[in-house]
Amino acid sequence: MTRLVARLLQRLLGRLPIGWLQLTHNRTRLAAALAGVAFANILIFVQLGFLGALIESIGLPYRMMNAEILVAASDANTLSDGSPLPRQRLYQTLAVPGVAAATAVYYNRLDWKQPDGTIRTLDVFGIDPSAQAFRSAEINAELDRLKLSDTALIDRKTRNVPKDLFPSIGAGRPYQFEANNRSITVVGTFEIGGGFSADGYLVVSDQTFLRLFKRRVPGAPNMIFVKVEPGVPAAAVVDRLRAALPASDTTIRTVAEAVASDQRFQTTQKPIGIVFGFGIVIGVLVGVIIVYQVLSSDVADHLREYATFKAIGYKRGFFLGIVFEEALVLALLGFIPGLVIALLLYQIIAASTGLPISMPGTRPLLVLMGTLAMCTLSGAIATRRLERADPADLF
Amino acid sequence: MQTVPSIAQPRPQDEPPIVVSGLGHWFGEGNARKQALGDIDLVVESGQLVMLMGASGSGKTTLLTLIGCLRDVQEGSIRLLGRELRGASANRLVESRRRLGFIFQAHNLHESLTAHQNVRMGLDVHEGVPEAERDAAAAHVLALLGLGDRATYLPANLSGGQKQRVAIARALVGNPDVIFADEPTAALDKDSGYDVVALLKRLARARGTTILMVTHDNRILGLADRILTLQDGRIVRDEKPATS
Numbered sequence: 001m002t003r004l005v006a007r008l009l010q011r012l013l014g015r016l017p018i019g020w021l022q023l024t025h026n027r028t029r030l031a032a033a034l035a036g037v038a039f040a041n042i043l044i045f046v047q048l049g050f051l052g053a054l055i056e057s058i059g060l061p062y063r064m065m066n067a068e069i070l071v072a073a074s075d076a077n078t079l080s081d082g083s084p085l086p087r088q089r090l091y092q093t094l095a096v097p098g099v100a101a102a103t104a105v106y107y108n109r110l111d112w113k114q115p116d117g118t119i120r121t122l123d124v125f126g127i128d129p130s131a132q133a134f135r136s137a138e139i140n141a142e143l144d145r146l147k148l149s150d151t152a153l154i155d156r157k158t159r160n161v162p163k164d165l166f167p168s169i170g171a172g173r174p175y176q177f178e179a180n181n182r183s184i185t186v187v188g189t190f191e192i193g194g195g196f197s198a199d200g201y202l203v204v205s206d207q208t209f210l211r212l213f214k215r216r217v218p219g220a221p222n223m224i225f226v227k228v229e230p231g232v233p234a235a236a237v238v239d240r241l242r243a244a245l246p247a248s249d250t251t252i253r254t255v256a257e258a259v260a261s262d263q264r265f266q267t268t269q270k271p272i273g274i275v276f277g278f279g280i281v282i283g284v285l286v287g288v289i290i291v292y293q294v295l296s297s298d299v300a301d302h303l304r305e306y307a308t309f310k311a312i313g314y315k316r317g318f319f320l321g322i323v324f325e326e327a328l329v330l331a332l333l334g335f336i337p338g339l340v341i342a343l344l345l346y347q348i349i350a351a352s353t354g355l356p357i358s359m360p361g362t363r364p365l366l367v368l369m370g371t372l373a374m375c376t377l378s379g380a381i382a383t384r385r386l387e388r389a390d391p392a393d394l395f
Numbered sequence: 001m002q003t004v005p006s007i008a009q010p011r012p013q014d015e016p017p018i019v020v021s022g023l024g025h026w027f028g029e030g031n032a033r034k035q036a037l038g039d040i041d042l043v044v045e046s047g048q049l050v051m052l053m054g055a056s057g058s059g060k061t062t063l064l065t066l067i068g069c070l071r072d073v074q075e076g077s078i079r080l081l082g083r084e085l086r087g088a089s090a091n092r093l094v095e096s097r098r099r100l101g102f103i104f105q106a107h108n109l110h111e112s113l114t115a116h117q118n119v120r121m122g123l124d125v126h127e128g129v130p131e132a133e134r135d136a137a138a139a140h141v142l143a144l145l146g147l148g149d150r151a152t153y154l155p156a157n158l159s160g161g162q163k164q165r166v167a168i169a170r171a172l173v174g175n176p177d178v179i180f181a182d183e184p185t186a187a188l189d190k191d192s193g194y195d196v197v198a199l200l201k202r203l204a205r206a207r208g209t210t211i212l213m214v215t216h217d218n219r220i221l222g223l224a225d226r227i228l229t230l231q232d233g234r235i236v237r238d239e240k241p242a243t244s
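Protein chains in written order, with the numbering used here: chain V, 1 to 395; chain X, 1 to 244.
Next up, chain V with everything else stripped away, as it sits in the complex (with noise of 0.2 Å):
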């Protein structure tokens, strides 16, 4: 295997492949440093992993909602902040041109208490049972049901819950559980998948909304959603919104721009997307580390033979060429056994929180850029080394 390797390294480079014949004469240093170079991989993904997961679950309710654009209040930086929208907002959304059709939604955070004494938090819309709020084909067949006081449906990807408590719901026996002094029956799933602040989510009625959540106040949503008639350009119709609308307590953005602020609000001002970019620029850092520590005391230990190269006749030139050669392949060989096992860990973090975590082609691919760019570096600090061979010490 390896003298292949060598084989096809010298049809590559023209010449005898000596950075790779030194990797593989010393194994037990190849290993260490390509479990260095896994290492910081590994790392890199999982934190690239969270970062994708926590974008992807910021978008999933807003790709349920059946809207083109979202009024929400000014001060609303995600679904779950912002202030009640004033009452009249409803009706002024619903007389500008365009509109085909608007609905208010009102937005909770619940506390769900499990029968074992913890707690589910749930994300509850409030919807008009009688609009079709939601693309949900599932949301959509039990609206008629919701109408009934105190009913709900459920996010099937909550996080946390019995095992059976889904399918049994979805074979006709409802659920029931008591919060805010009021019981709720579930009465059918649906799918969304919760996030990193809460666990899943919950949609009942406007009415039901306000009895659960007795200090909210009728005709006060949280946003409103706008569907737009059909061959009317959704960015007419926001202008229009804009001007009928007062900037002083709504924002009108499509539902797309609307996606966009909130993974961009919460990957850059709060704590967890910053804690996850943090993240990578550690794992950037050990590897480097890694990488320069294993490349230098290879230079080190090959200082000799380097003089004695130095004095045959090799320039720098091919000195660097050796050290680069070690340093890819080191990004190569190590980055092979990161991706696997990140594949593997995204299987495991997905499997016990339910984060929607996936691996996009692009990511192996900038990682791996990024790998051999870092390896790069680390090669070229290490070459400063190599001024120390004097093939005049040798003798």
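Accuracy of the hints is not assured; some may be wrong.
As the list claims (entries may be wrong) - Only pairs whose alpha carbons sit at most 20 Å apart, straight line, appear in this in silico SDA-like list of lysine to any residue:
{"id": "1", "chain 1": "X", "residue 1": "240", "chain 2": "X", "residue 2": "47"}
{"id": "2", "chain 1": "X", "residue 1": "34", "chain 2": "V", "residue 2": "157"}
{"id": "3", "chain 1": "V", "residue 1": "157", "chain 2": "V", "residue 2": "196"}
{"id": "4", "chain 1": "V", "residue 1": "315", "chain 2": "X", "residue 2": "72"}
As the list claims (entries may be wrong) - Simulated coverage check for chain X against chain V, where a stretch passes if three residues somewhere in it have a Cβ under 8 Å from a Cβ of chain V:
{"id": "5", "segment": "60–67"}
{"id": "6", "segment": "191–203"}
Said to hold, decoys possible - Going by beta-carbon spacing under 7 Å, a handful of chain V positions derived as facing chain X:
{"id": "7", "residue": "311"}
{"id": "8", "residue": "312"}
{"id": "9", "residue": "313"}
{"id": "10", "residue": "314"}
{"id": "11", "residue": "395"}
The set of hints was computed from the structure by calculation and includes no laboratory data.
All values reported here derive from a predicted model rather than from experimental measurement.
A virtual CB, placed ideally from N, CA and C, is assigned to each residue, including glycine.
Fit chain X to the known structure of chain V by using the hints.
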């Protein structure tokens, strides 16, 4: 060794390969400045095996590294293969070294490379030789040194004498005009030391290669064409043994 094209460049027909005149060398700066060589005049004829003797600190190694283009000439002149080394750029010195062969006290083989690959390193420094020819040339020189069956061995699996013969093969394979050897027998026992130098001499003579060898080893002096003795940085004796 017809497989290796000669890389020798034309030089004035009658100029000997090594012409040293008025050479002096110092180490250190200021008050610590110490003279290592002075008033060295030396002409070495083509194809000769010249041995440099002298106590340690007598300047013989400094002389070897100066003529071998490994140090800058400070005073006087060295003409090596028709070119003046004084004031030569670092790049010129490297180019010049490619026409030389080096054999070190410790064999200095690369532990990760096989005997054959180590020998090839002596050849790969020259550009323009096809891959197959390099392999053939390296194998040929190894065979000449009696190591044909050890080509794929790593240095760790060779004896001291075998390693030194690989090092000699590495020095010879590029068809150098001059070979510089620094106590090549120091790590070898009497018999293998003598055999190795005798072999080197025979191969060099067949090709007209000049050898400059620093040695303390009295056992091999009989092989020299000329013996120079240095003392305190000056050549104090210049003998031509009758046996050569």
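Against the structure, the hints:
1. X/240 <-> X/47: Distance ~14 Å between residue 240 of chain X and residue 47 of chain X Cα, so the pair holds.
2. X/34 <-> V/157: Given pair residue 34 of chain X, residue 157 of chain V is violated - Cα atoms ~83 Å apart, limit 20 Å.
3. V/157 <-> V/196: holds (13 Å)
4. V/315 <-> X/72: Since the Cα atoms of residue 315 of chain V and residue 72 of chain X sit roughly 17 Å apart, the hinted pair holds (cutoff 20 Å).
5. 60–67: With 3 residues in contact (Cβ-Cβ under 8 Å with chain V), the coverage given for the segment 60–67 of chain X holds.
6. 191–203: This one is violated; 0 residues, fewer than the three required, reach chain V with a Cβ under 8 Å.
7. 311: Where the cut-off is 7 Å and the nearest Cβ of chain X is about 5 Å from residue 311 of chain V, the hint holds.
8. 312: holds (6 Å)
9. 313: holds (4 Å)
10. 314: Holds: closest Cβ of chain X sits about 6 Å from residue 314 of chain V, inside 7 Å.
11. 395: For residue 395 of chain V, the interface hint holds, since the closest Cβ of chain X sits about 5 Å away, which is under 7 Å.
Hints 2 and 6 from the list above are not met by this structure, while the remaining hints are.
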